[in-house]
Amino acid sequence: AQKITQTQPGMFVQEKEAVTLDCTYDTSDQSYGLFWYKQPSSGEMIFLIYQGSYDEQNATEGRYSLNFQKARKSANLVISASQLGDSAMYFCAMREGPGTGGFKTIFGAGTRLFVKA
Amino acid sequence: DGGITQSPKYLFRKEGQNVTLSCEQNLNHDAMYWYRQDPGQGLRLIYYSQIVNDFQKGDIAEGYSVSREKKESFPLTVTSAQKNPTAFYLCASKRSVNTDTQYFGPGTRLTVL
Numbered sequence: 001a002q003k004i005t006q007t008q009p010g011m012f013v014q015e016k017e018a019v020t021l022d023c024t025y026d027t028s029d030q031s032y033g034l035f036w037y038k039q040p041s042s043g044e045m046i047f048l049i050y051q052g053s054y055d056e057q058n059a060t061e062g063r064y065s066l067n068f069q070k071a072r073k074s075a076n077l078v079i080s081a082s083q084l085g086d087s088a089m090y091f092c093a094m095r096e097g098p099g100t101g102g103f104k105t106i107f108g109a110g111t112r113l114f115v116k117a
Numbered sequence: 118d119g120g121i122t123q124s125p126k127y128l129f130r131k132e133g134q135n136v137t138l139s140c141e142q143n144l145n146h147d148a149m150y151w152y153r154q155d156p157g158q159g160l161r162l163i164y165y166s167q168i169v170n171d172f173q174k175g176d177i178a179e180g181y182s183v184s185r186e187k188k189e190s191f192p193l194t195v196t197s198a199q200k201n202p203t204a205f206y207l208c209a210s211k212r213s214v215n216t217d218t219q220y221f222g223p224g225t226r227l228t229v230l
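Protein sequence lines correspond, in order, to chains A and B.
Per this note's numbering, residue 1 is the first one in the first sequence, and the count goes up by one each step.
Per this note's numbering, residue 118 is the first one in the second sequence, and the count goes up by one each step.
By construction, these hints were calculated from the structure, which means they are not laboratory data.
Be aware that a few hints might be false.
Said to hold, decoys possible - No more than 20 Å apart at the CA atoms, straight line, and that leaves these computed lysine to aspartate or glutamate pairs for EDC-like:
hint : chain 1 : residue 1 : chain 2 : residue 2
1    : A       : K104      : A       : D29
2    : B       : K187      : B       : D147
3    : A       : K73       : B       : D217
4    : B       : K200      : B       : D176
5    : A       : K104      : B       : E132
6    : A       : K3        : B       : E186
7    : A       : K3        : B       : D147
8    : A       : K70       : A       : D26
9    : B       : K126      : A       : D86
10   : B       : K187      : B       : D155
11   : A       : K70       : B       : E179
12   : B       : K131      : B       : D147
13   : A       : K73       : A       : E44
14   : A       : K3        : A       : D26
15   : A       : K3        : B       : E141
16   : A       : K16       : A       : D86
17   : B       : K131      : B       : E179
18   : A       : K3        : A       : D22
19   : A       : K3        : B       : D217
20   : B       : K174      : A       : E96
21   : A       : K73       : A       : D26
22   : B       : K174      : B       : D147
23   : A       : K116      : B       : E141
24   : A       : K73       : A       : E96
25   : A       : K3        : B       : E189
26   : A       : K104      : B       : D176
As the list claims (entries may be wrong) - Just some of the chain B residues that point at chain A, by a computed CB distance under 7 Å:
hint : residue
27   : G159
28   : E186
29   : V214
30   : N215
31   : Q219
32   : P223
Here a beta-carbon is modelled for each residue, glycine too, at the ideal position from N, C-alpha and C.
If we strip away everything but chain B, and leave its shape as in the complex, we get (with noise of 0.2 Å):
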């Protein structure tokens, strides 16, 4: 079966601690995105990569990091440095960059406590 997971489904994290979220995806999809949505809102970006080693900043990048070292894997990182990271995370990926449809994981549910 083809897809993309994301685990865990829920996350609870103290307060300045680093927490990363995992994405992995079998459909052979160069490129690769993570959101972040928060509560009757749509969805922000946070980064992308458009193949492996390379990544770029979305357009809520603070207090996050991410690696791009395999095609199938792009984890999140979220750092002590975001104020408020509490919020609903989902990773898509689609076939290249420049073609269109973008399919999403089920999502990972971050909570600070």
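This is chain A alone, in the form it adopts within the complex (with noise of 0.2 Å):
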């Protein structure tokens, strides 16, 4: 079954510095798409980085890129130079193919990144 996962329940990192926030993913589906959201404590979930299964470049979209590594099936998310407002709950996601899942998303149990002054 696709399923995603975040072993990080919590994370800490210094204002400024980068930090990796990890997520391994299972299909076997060929074709498929991984994103991260982030959820500040007010609730929204706020779309940050897309990479589809078949593009050969990593994504990066400002501060944030993502790790891509198919073989190991992994999808990191890189946050550059954090910044306080980057405190929030961080989701992996991803959209499953139209055989299995009928291009539904599922999410991961998150990871709560803290950054420190």
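Take the two lone chains, each set in its own frame, and fit them into one complex as the hints suggest.
Okay, here's the thing in structure tokens:
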């Protein structure tokens, strides 16, 4: 079954440093999409970055980059130059393929990031 | 301004009562989704709709019902059959079922008293 695993329940990082949030996934589909969302304490889910399974380059969006290692089935999020406003819950997600999940998206359990001043 | 709205932001319900959560989008998206989030956990799919007048059960549909009579609206009813309805409910949409990025509304926090 398709699955997303985030093994870090909580992470601390010093302001201005980089941090990596881990995500591994399991799927038998050849075509799939990987996402990261940020959830501040207010609750809304904010889309950060997307990586398609056929994309050869790692996705980048400003201070966010996705370290995609297809053979290892990992899709780690790297946040560079952390800011206090980055303190939030971060979710890794995968869009399933047409055959197994009807293009549904499944979510990991999340990692709570704390940025220290 | 295009986006997804959910109302109300906070909702209190007595046990045994049905309650309907609103979700509206003006993004002209075909696909819409309802998720439930419990404290400290990820999102679980309740129902989704790929097109108007069509919807499918997600992983935890028991005790919930939906309708999709208009493209822009996908209300969720939490019925008295849902044993533990206190949770945070998030609505999402995307352009079509086989496009990738979902966009989320601000959520409704439901508390059963």
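Here is how each hint holds up against the structure:
no.: 1; hint: K104(A) <-> D29(A); in the structure: holds, 13 Å
no.: 2; hint: K187(B) <-> D147(B); in the structure: holds, 10 Å
no.: 3; hint: K73(A) <-> D217(B); in the structure: holds, 19 Å
no.: 4; hint: K200(B) <-> D176(B); in the structure: holds, 15 Å
no.: 5; hint: K104(A) <-> E132(B); in the structure: violated, 31 Å
no.: 6; hint: K3(A) <-> E186(B); in the structure: violated, 32 Å
no.: 7; hint: K3(A) <-> D147(B); in the structure: violated, 26 Å
no.: 8; hint: K70(A) <-> D26(A); in the structure: holds, 11 Å
no.: 9; hint: K126(B) <-> D86(A); in the structure: violated, 23 Å
no.: 10; hint: K187(B) <-> D155(B); in the structure: violated, 29 Å
no.: 11; hint: K70(A) <-> E179(B); in the structure: violated, 36 Å
no.: 12; hint: K131(B) <-> D147(B); in the structure: violated, 34 Å
no.: 13; hint: K73(A) <-> E44(A); in the structure: violated, 27 Å
no.: 14; hint: K3(A) <-> D26(A); in the structure: holds, 5 Å
no.: 15; hint: K3(A) <-> E141(B); in the structure: violated, 30 Å
no.: 16; hint: K16(A) <-> D86(A); in the structure: holds, 11 Å
no.: 17; hint: K131(B) <-> E179(B); in the structure: holds, 19 Å
no.: 18; hint: K3(A) <-> D22(A); in the structure: holds, 14 Å
no.: 19; hint: K3(A) <-> D217(B); in the structure: holds, 17 Å
no.: 20; hint: K174(B) <-> E96(A); in the structure: holds, 16 Å
no.: 21; hint: K73(A) <-> D26(A); in the structure: holds, 7 Å
no.: 22; hint: K174(B) <-> D147(B); in the structure: holds, 17 Å
no.: 23; hint: K116(A) <-> E141(B); in the structure: violated, 37 Å
no.: 24; hint: K73(A) <-> E96(A); in the structure: holds, 14 Å
no.: 25; hint: K3(A) <-> E189(B); in the structure: violated, 30 Å
no.: 26; hint: K104(A) <-> D176(B); in the structure: holds, 11 Å
no.: 27; hint: G159; in the structure: holds, 4 Å
no.: 28; hint: E186; in the structure: violated, 21 Å
no.: 29; hint: V214; in the structure: holds, 5 Å
no.: 30; hint: N215; in the structure: holds, 5 Å
no.: 31; hint: Q219; in the structure: holds, 6 Å
no.: 32; hint: P223; in the structure: holds, 5 Å
Going down the numbered hints, you'll see the structure goes against 5, 6, 7, 9, 10, 11, 12, 13, 15, 23, 25 and 28, while the others check out.
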